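Enquirer: Protein chains in written order, with this note's numbering: chain A, 3 to 307; chain B, 10 to 187.
Fair warning: there could be bad hints in the mix.
Over the 10 Å line for every Cβ pair with chain B, so calculated as not near, a few chain A residues [unchecked claim]: (1) L95; (2) S110; (3) L153; (4) K166; (5) L192.
Under the rule of at most 20 Å between Cα atoms (straight-line distance), these lysine to aspartate or glutamate pairs were calculated in the EDC-like manner [said to hold, decoys possible]: (6) K83/B - E139/A; (7) K216/A - D64/B; (8) K69/B - E215/A; (9) K41/A - D64/B.
Don't read these hints as lab results, they were simulated from the structure. Remember, it's a predicted structure, so these values are computed and weren't measured experimentally. Where is the CB? At the ideal position from N, CA and C, for every residue including glycine.
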Amino acid sequence: MMRHIRRFVRLNKSLVTYAALVCIGLIGLFIGLIPSAQKCLVLAKDMQSLNREIVQIQKKVNVLSSLDQLSLEKSAQVVIAAVPINKSIPTFLSTIESIALKNGLYISDMDIAGSTSLATGSGLRQTKQNENTISAEVVLQGELESVRSFLLECIQVLRLLRVKNLSLSALPRSTFMNVKLEVESFYLSLPVSIGKPLDPLETFSEKELATLEKIASYPIAYTFIPQSVSSSQPTVPVEVPTIPVITDPFAISEKTLIRVPIRNVTPSPVEILIPQPTATMSATGSPKPTVSVAPAASPSSSPIP
Amino acid sequence: MASQNINLFQTKTLQPILTLIERYARTTAIILLSIVFSGGLIVGIAYIVFGQQRDSMERKKQQLLTQVKSNVAKESMVILIRNRISVIDSIMGTQISYAPFITTTMKVIQSFPLTSFSMGDKNSMTISFKVFSIEEAMGIFTTVLDMEKRKEITNPVLQSFTLNEKGIQIGLSYIVVL
């Protein structure tokens with residue numbers, strides 16, 4: 003068998019050589035070239051997607067750098083004043099009260115509808131954005147012109163209000179009207195997430211800017227200070243101590259005590275603490291503080307001079 | 010014809026099919042090897058170039074991401090504002106101003122005391138007020154008709170007219186044109 007093969011090789015040496023070269027070529031093609039070309043294609047696709055991402059992020063960076071931090075903070079404060087992050091009942095009541103007082107109406111009755119929690123789960127981790135309303139039935143009394151001004155102003159203040167179910171009736175023997183209405187206000191929790199860095203970010207549209215401008219022109223009717231949205235401007239400038247400085251307010255502090263050694267006392271000298279005279283005491287000419295110690299266990303002890 | 014070959018060993022095959030195969034094998038080997046070598050060269054260069062470009066793009070992306078992260082406060086504020094603006098838009102779309110209804114009523118009743126005021130569907134209103142003479146009542150009706158001509162109100166209806174010793178109680182309903 004081997005002899006036959008050797009003879010075939012010897013007789014067809016060039017054929018065998020070319021066949022071997024074809025084999026090498028095929029191996030190179032299928033093992034080397036095609037996988038490398040596929041890797042190159044993957045690389046090219048990666049580059050394309052990377053390029054798209056870069057364009058997107060670049061656009062986002064341009065948008066972010068074109069925005070002014072201070073104006074954003076102001077706008078954020080305005081929109082939060084319009085729609086607070088929680089029920090914020092004080093601002094709701096304060097808004098209604100201030101508009102009523104400004105227009106010469108007085109509130110004879112106010113009833114916040116339904117049971118309402120004062121806090122909106124501030125300690126809880128939010129999983130979705132809550133959008134809700136808070137409403138109150140209000141009874142006002144005043145002139146018809148004042149009622150008109152009140153209703154006009156109600157929809158042009160921050161925080162935003164919506165008036166529903168209006169009814170008027172005249173008070174007996176008076177020019178005053180009794181106005182019964184339902185005032186609704188809104189709150190919206192903060193966004194749960196800000197998205198991924200690759201998410202696109204557009205500048206404010208004309209419509210959004212118009213809304214912002216309109217809202218910013220409305221006065222803030224309530225007197226409650228809203229929470230700052232900026233981390234650079236803390237709302238509480240002074241640090242409030244969380245640990246009490248004095249545990250017992252009636253105890254004499256260590257600073258006001260002087261240490262007096264007792265030498266002539268047996269069996270062993272001890273130190274006792276006596277109150278140090280304060281400024282008031284010295285001003286009134288109080289004598290040097292003395293103390294007599296007569297321990298029952300030591301008859302030989304003498305009073306301290 | 011005598012052979013020109015002096016070799017006693019037979020070095021070449023005499024089968025023509027093998028000669029044909031050899032010729033094709035040679036051509037195929039040349040083509041295949043040239044494809045593999047040239048293709049390998051091109052792919053290799055492309056791989057190096059693409060790899061370098063991808064690395065530089067990756068670096069640029071990281072730099073941009075760092076810039077985005079440094080502006081995260083701005084981004085969160087933009088999202089907050091945009092989020093609230095859409096809500097504010099929808100709220101403002103549903104806010105109803107009752108002031109025009111009061112203004113229209115004040116125009117109708119002039120300075121006479123309003124007794125009651127209630128609102129119905131589609132801007133319809135019903136009011137009742139008190140006047141003290143027929144002339145005053147006629148004046149009110151004239152005003153109402155004038156307002157209808159000016160398209161300030163539509164469909165005015167006299168709901169009630171009661172005259173007694175205390176005065177005249179008039180009930181009117183109309184639709185306010187906003």
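Enquirer: All hints, please: hold or fail.
Expert: Checked hints:
For L95/A, the condition that its CB be more than 10 Å from all CB atoms of chain B holds, with the nearest at approximately 19 Å. Once the 10 Å rule is applied to beta carbons, S110/A is consistent with being away from chain B; the minimum gap is 17 Å. L153/A, annotated as away from the interface, has a beta carbon of chain B within 10 Å; the closest lies near 4 Å. At roughly 8 Å, the least C-beta separation between K166/A and chain B is not larger than 10 Å, which violates its mark as non-interface.
A beta-carbon of chain B is positioned within 10 Å of the beta-carbon of L192/A; the least distance is around 6 Å. The straight-line distance between the Cα atoms of K83/B and E139/A is roughly 39 Å, outside the 20 Å bound, and the hint therefore fails. For the hint linking K216/A to D64/B, the alpha-carbon distance of about 48 Å lies beyond 20 Å, and the restraint is violated. Annotation: proposed proximity of K69/B to E215/A is violated, straight-line Cα distance about 37 Å (limit 20 Å).
Annotation: proposed proximity of K41/A to D64/B holds, straight-line Cα distance about 15 Å (limit 20 Å).
Consistency with the previously given hints fails for numbers 3, 4, 5, 6, 7 and 8, ordered from lowest to highest.
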